[in-house]
Amino acid sequence: MTGSTPKSAYRRGLRDGAPFLIVLVPFALLFGVVATEAGLTPGQTMGFNVLVIAGAAQFTAVSLMQEGAPLFVVLSTALAVNLRMAMYSAALVPHLGAAPLWQRAVVAYMNVDQTYACSVVEYERRPDMTLAEKLAFFFGLATLILPFWIGFAWVGIYAAAAIPPAFALDFAMPIAFIAIIAPSLKSLAHVAAALTSVVAALLLAWLPSGLGLLLAAGCAMAVGAAVETVTERRA
Amino acid sequence: MTFTTAEIWAVIVLLGLGTYLIRFSFLGLIGDRPMPPFVLKLLRYTPVAVLPGMVAPLVLWPGATGGEPDLARGLAALAAFGIGLATRSTIWAMLGGAGMLYAALFALG
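Protein sequences, first through last, are from chains B and F.
Quick note, the first sequence lines up with residues 1 to 235 if you use the working numbering.
Quick note, the second sequence lines up with residues 1 to 109 if you use the working numbering.
These aren't lab readings, by the way, just hints derived from the structure by calculation.
Any given hint might turn out to be false.
Short, incomplete list of chain F residues facing chain B, as computed with Cβ under 8 Å [said to hold, decoys possible]:
#, residue
1, THR4
2, ALA10
3, PHE24
4, LEU71
5, LEU75
6, GLY84
7, SER89
Built from N, CA and C at the ideal position, the CB exists for glycine as well.
Please take these sequences and the hints and turn them into a complete structure.
See the structure below:
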């Protein structure tokens, strides 16, 4: 790349991150609305968006809290949803592992679905990027994505009061979950894991709040990994 | 919400801390050591293992109808799922599900 500098990498990050806002903004709004409807204060809702910054896990925590699940179950289920981020963390090591610790600590805070996916694609497409350029690109992505995630949840909090009950907001959360899951069913193993999760969760629904889901998730992960192993062997 | 203010904040802070540690794990602490392939495989399926099990009872036994299965909500869930599969797009799945929910709620009175 002729004339590539950290500054131009940062601008590329801004530009490549922008399309993600189309999905991020409605999700942030929805979290603001759903959390407020569930009875969280504006401070608590913003606490989620600033400290957790993980939509699916945030919806999971709010949903389980609403069902009155024990604290331990709320935490372990929501953290299980976020375990995938260990993979994101590992994927960035070959590219950003040489940065100083404080920079890696900041990158870790900003390592969300969108910044991870977009940066790894860019680093593979341009293997000649320097460390400074790679970091600049990553921060360019985060510059738009994080403030929008936080800001639009705040808008959602105040929008919640204006939405009449006829809009059946109780069902916004299930639709949001389904909208996350369906596009991610990209292999037989994913489908098998999802099916196991549904069947086991329904069969174990009699267990005290939330425990059935935790067991179902464990089974589903094992089934996904097992099916992947079998399909690999056949291929 | 039966959670007290202190419990809600405990969820927020501990979930934030735990999530940060997961994000920091390899980048910050473990470094460039390869993960066992078995662990990588399990990690790949965490969202798809948790979220469907969480959503299924919410669809079959919605809280808003006192746990009775509801045609409008069931149709909305099917629409969101089908559109999500066909378009591979979260945003279209969300819009389609919401559209179906309102259409069915209106049509079924």
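Quick one: which hint numbers does this structure break? Sort them smallest to largest. 1, 4, 5
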